[in-house]
Every structure is written in structure tokens, then in C-alpha cells.
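Protein chains in written order, with this note's numbering: chain P, 1 to 208; chain V, 1 to 208; chain E, 1 to 208.
Where hints are given, some of them may not hold.
[As the list claims (entries may be wrong)] Pairs of lysine to aspartate or glutamate residues, derived as EDC-like cross-links and limited to a Cα-Cα distance of at most 16 Å, are as follows:
hint	chain 1	residue 1	chain 2	residue 2
1	V	K120	V	D41
2	P	K98	V	D41
3	E	K98	P	D41
By construction, these hints were calculated from the structure, which means they are not laboratory data.
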Amino acid sequence: MVHAAGIFVHAQALCESEQVGEGTRIWAFAHVMKGAVVGHDCNIGDHAFLEAGARIGDRVTIKNQATVWEGVEIEDDVFVGPAVSFTNDICPRSARMKLPTVAKRYGQAKEWLVRTTVEKGASLGACCVILPGIRIGAYATVAAGAVVTRNVPAHALVVGVPARRRAWVCGCGLRLVEIENAFWHCPQCNSSFCERLAGKCISLIRSS
Amino acid sequence: MVHAAGIFVHAQALCESEQVGEGTRIWAFAHVMKGAVVGHDCNIGDHAFLEAGARIGDRVTIKNQATVWEGVEIEDDVFVGPAVSFTNDICPRSARMKLPTVAKRYGQAKEWLVRTTVEKGASLGACCVILPGIRIGAYATVAAGAVVTRNVPAHALVVGVPARRRAWVCGCGLRLVEIENAFWHCPQCNSSFCERLAGKCISLIRSS
Amino acid sequence: MVHAAGIFVHAQALCESEQVGEGTRIWAFAHVMKGAVVGHDCNIGDHAFLEAGARIGDRVTIKNQATVWEGVEIEDDVFVGPAVSFTNDICPRSARMKLPTVAKRYGQAKEWLVRTTVEKGASLGACCVILPGIRIGAYATVAAGAVVTRNVPAHALVVGVPARRRAWVCGCGLRLVEIENAFWHCPQCNSSFCERLAGKCISLIRSS
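Can you make the complete structure from the sequences, with help from the hints?
Laid out in C-alpha cells, this is it:
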């Protein structure tokens with residue numbers, strides 16, 4: 001297959017999409033399906049799989065064996081670690097099963113499809129699993145091996161099964177240090193943040 | 001390799017088995033070894049691996065990167081999610097190690113081999129892990145990211161590490177609703193079920 | 001590519017390394033990068049990935065889909081189960097992100113790189129995740145699906161998320177039996193071991 005100038009597709013990769021941005025590289029045994037949208041300057045590792053309907057922003061890293069399905073939107077600057085599993089069906093069954101309600105569910109209307117968004121600059125650690133319908137906030141980090149069953153606030157570090165917030169992280173990825181109650185600082189970037197409580201939810205706002 | 005009429009094997013897939021049923025499709029970078037048995041109308045996703053000795057029924061969905069080993073039997077209508085890991089050895093060592101007891105264990109008699117069965121219509125969520133020697137009951141659902149260390153009753157939904165029962169699910173996959181004590185109903189199929197206690201084990205029986 | 005006599009590389013595998021030992025076999029869709037070092041008599045399963053800078057000893061089993069990164073050293077006789085994920089970056093971000101501190105971190109000096117060692121004869125179960133900077137002791141076993149966040153003592157069996165010690169195992173892989181307080185015996189090999197406490201850490205020493 002002929003690709004636009006400035007896109008690298010390894011000889012052992014399959015890229016069937018015509019919507020891949022300049023500077024993007026696709027490595028061995030990876031498969032980008034027709035209908036997957038990939039931004040510019042991305043890196044798609046070996047054995048990764050991007051399904052028709054997946055949407056990937058610019059400067060995104062998709063490490064080896066990560067699978068991105070229809071209904072998953074990944075914003076700019078995101079890191080998707082090796083073997084990360086997204087999901088898009090809350091109660092999967094084999095679509096081939098001969099049960100009328102199952103046949104209907106997997107029919108044209110795609111009743112089963114539940115969408116997931118990973119916001120700008122977030123990182124998903126190796127082999128983590130993202131349940132369907134989740135929103136991962138900007139610059140959040142999901143620890144390796146975590147199973148994410150709830151939305152993740154921006155700048156949160158979540159760990160474990162099910163994933164719970166353990167710390168706050170900076171846009172650069174480092175853990176923030178609490179300098180006074182509810183005020184946080186990045187020792188690498190010198191950025192400052194403060195916590196805000198809305199209902200039962202806590203979030204982090206950049207203050208400088 | 002030439003395949004029987006009615007079997008689709010992607011140009012980048014490897015299908016060495018001669019025991020694949022009609023209507024089955026095998027996608028890119030998947031590998032079905034000689035000696036793996038696959039029924040009809042199955043779908044085997046990209047990068048999946050079916051080892052010699054694996055047995056797969058009819059209308060089974062094997063999603064991307066799932067690995068099915070010798071000793072694993074998957075009945076009809078099962079959904080095996082992406083990156084699902086089966087296992088067949090309770091105390092693995094590198095078979096090449098120079099230790100007489102290890103050499104014996106990995107010898108002709110296959111002392112190490114422990115079998116697993118997934119019964120009809122069950123679903124295994126993304127990236128779940130099934131320990132050796134497990135039986136997953138009919139129409140059960142294993143949540144994404146769960147690690148299954150005990151048998152799973154029919155119609156159970158199990159979640160977490162180690163996996164524990166959280167709810168009951170219908171054949172169609174939906175969670176059942178308790179309409180009176182120990183009586184359950186599917187809002188989608190209108191099927192009814194009742195709980196039965198045998199020793200310490202609880203199971204679900206279809207009543208209509 | 002031409003390989004040294006005595007190395008088997010499947011027609012669908014990629015082996016770019018010139019540092020692979022005799023008797024090693026590399027299976028379909030696996031990728032061994034230039035700069036990865038692999039010992040003799042290893043077995044590298046389908047869809048496995050060994051990055052430049054990975055170091056693998058002799059008689060090692062690398063099962064399907066395992067990914068071994070730069071900074072990971074695997075000693076002789078180790079079993080790396082299917083879909084095992086190593087990691088080498090404690091706070092990953094997409095290296096393409098336009099943030100000066102991130103650009104510096106992913107620059108020439110490789111500030112992000114954290115090393116991991118798996119000592120002789122250890123086993124890593126299916127789909128387990130090893131956090132960066134970990135040392136897995138000789139003949140230890142990590143259970144399938146575990147997430148390892150701390151060093152693992154020699155001969156320990158660790159399970160769960162995060163992984164904790166559940167038992168002691170012999171070099172041959174079997175669980176040891178406590179024959180008197182702090183003295184352990186292998187029913188298969190007849191080896192004996194005793195516990196030793198150093199500070200807060202407990203370890204196992206072979207006594208016969």
C-alpha cells in the first residue's frame with residue numbers, strides 16, 4: 001500500500017487507514033485499520049492494533065500490543081503503555097450466539113458501543129485495563145496493572161484493582177509535593193496547583 | 001497453505017490446523033497451530049494464538065491477542081476478550097533448566113499439564129487471567145482485568161483480583177434483577193432464575 | 001537475514017540481533033531488535049518483543065507476547081510467562097509532548113531509564129506486571145496476574161495486586177512444606193531450606 005510522504009510504515013506492519021498524519025511511524029506487526037484516525041508525529045509500537053473508529057490525536061505514543069477500539073478517543077500527547085487494554089462493551093457476548101436479544105444488541109444500531117476518552121497528556125501504564133465509558137482526565141497517570149472502573153480526575157495518579165487515587169502528578173509526570181494544605185508543587189517544573197472540591201469530587205487546578 | 005472452502009485466513013495470518021470449521025475467519029498476525037481444533041463460524045482476532053491441543057467450539061469469538069493453550073477447552077458461543085491469558089501449568093519453570101525433577105516434569109508424560117474448561121456462552125473480559133484447572137460455568141461473565149483462581153458458577157459475574165462473585169447475569173449478558181428473595185429476572189429477555197444452595201456453593205437455575 | 005548456524009528463526013519472525021546464542025529458537029511474529037542480547041538454548045514465543053538493550057541469559061523461556069525492554073536483565077533458566085509486561089520508566093509521558101522538562105527527560109542521557117533484574121531460575125506467571133527498578137530473587141515465582149511493586153526474595157511465591165509473599169517455592173517450582181519452625185522441605189527434590197531474618201526482610205537459605 002502506498003502511504004503519504006512523511007509516514008513510516010514498517011515492511012511487516014499493516015496500515016489500511018488513509019487518515020494518518022505526517023511524521024507518524026508504525027512499527028512491525030502493528031495493524032492500523034481502515035477508518036482509524038491517527039494524528040501527526042505519533043509512534044505506534046509493534047503488535048499494536050487500532051480498530052476502525054478509533055481516534056488518536058497528535059504526538060501520541062502507542063506502545064507495543066496496545067489495542068484501541070472503536071469508540072475510544074485519545075487526545076494529543078497521550079502515552080498509552082504496552083499491552084494496555086481498552087474496552088467498549090459493558091456486557092460482552094459472542095455476537096455469533098443464536099439468541100434474539102444478543103443478535104439485536106450486536107446489530108446495525110450498535111447498542112453495545114460505549115465510548116471512552118483519554119484527555120490530553122495523560123499516561124496509561126503497562127497492561128492497565130480501562131473499563132467502558134471512562135474519562136481519563138488531562139495529565140492523569142494510570143499505574144501499570146491498574147483496572148480503571150471510574151472516571152479519573154485530571155492530574156490524578158491512580159493505582160490498583162479497582163484503581164484509586166494515590167497522589168497528584170504534574171503535566172511532566174512527576175509526583176507533586178504538598179507545600180501547604182491543598183497546595184501542591186512540582187519539584188521539576190516549579191508549577192503550582194491547588195485542590196478544589198466539587199460535591200464529592202476533588203480536582204486539581206493549575207495556579208501557576 | 002490451502003484451506004477448505006468457506007474458511008477465511010488473512011494473508012498475514014498463519015493457520016496450520018486442518019481442523020477449522022466452515023465460516024470461521026482468522027485475522028492478521030493470528031496463529032492457529034497444527035493440532036488446534038476450531039469449530040465453525042468462529043472469529044479469531046489479530047495476534048491471537050491457538051496452541052496445538054486447544055479446543056474451540058462453534059460460534060466462538062476469540063478477540064485480539066488472546067492466547068489459548070493445550071489443555072484449554074472452550075465450548076460453543078463463548079466470548080474470549082482481548083488479551084485474555086489462559087494458563088496450564090501450576091508451577092512453571094523454564095523447561096530447559098538443568099534440574100532432573102524439572103526435566104522429568106516437562107518430559108513425555110506432561111505431568112505439568114492442568115486442564116481448563118469454559119462452558120457454553122460464557123464471556124471472559126479483556127485482559128483477564130484464568131489460573132490452571134478452572135471451570136468457568138455456562139453464561140458466566142469474568143470482568144475485564146479479573147484474575148480467576150476458583151471455579152465460577154454458571155451465570156455468575158465475577159470481578160477483581162482474586163475474582164469474586166458480584167452479581168448474576170443472563171444468557172444475553174445483562175445483569176439480573178432480584179424480584180424477590182433468591183428469584184432473579186432479566187429485564188431484556190424476561191427469563192427468570194432461582195438460586196440453589198448446594199453445600200457452600202450457590203448456583204443459579206433457569207426457571208422460565 | 002542470515003543467522004548463525006544453530007539458531008532457528010521462524011519465517012514470520014524478525015531477528016535483527018547478531019547476539020543470539022546457539023540453539024535458540026524464535027517463533028512467528030516475534031521481534032528481537034538489533035542490540036538485544038539473547039543467550040543459548042532459549043525459546044522466544046510468538047509475538048514476543050525484545051528491545052535493543054534487553055539482556056537474556058541461557059536456557060530462558062520467553063513465552064508468547066512477553067515484552068522485554070531496555071534496562072531489563074534476565075538471568076539464566078528464567079521462565080517469562082505469556083504476556084508478561086516489564087516496565088522501565090517510573091513516570092512515563094509521551095516523549096513527543098512539547099514540554100521542556102519532558103524533552104530533557106527523554107533526551108540523550110536517558111534520565112527516565114530504571115533497571116530491572118530477574119535472577120537465575122525465577123518464574124514470572126502469565127500477564128504479571130513488573131514495576132521499574134525491581135529485583136526478582138533467584139527461583140522466586142510471581143503468580144499469574146500479579147503486579148510486583150517491591151523486590152521479591154529468592155524462593156518466594158508472590159501473588160496479587162500489589163504482590164505479597166504467600167509461600168516459599170523450591171528451585172523446581174513446587175511449594176515447600178514447613179517441617180519445623182522456619183525449616184522448609186521440598187517433597188519433590190528433598191531439598192531443605194531455612195528462613196533467615198535480616199532487619200525486616202525474611203529470606204530463604206538452602207541448607208541441603
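Hints and how they fare:
For the proposed pair V:K120 and V:D41, the alpha carbon gap of about 15 Å is at most 16 Å, so the pair holds. Between P:K98 and V:D41, the direct Cα distance comes to roughly 12 Å. Compliance with the 16 Å bound is thereby established for this hinted pair. At roughly 12 Å between alpha-carbon atoms, E:K98 and P:D41 fall within 16 Å of each other, so this suggested pair holds.
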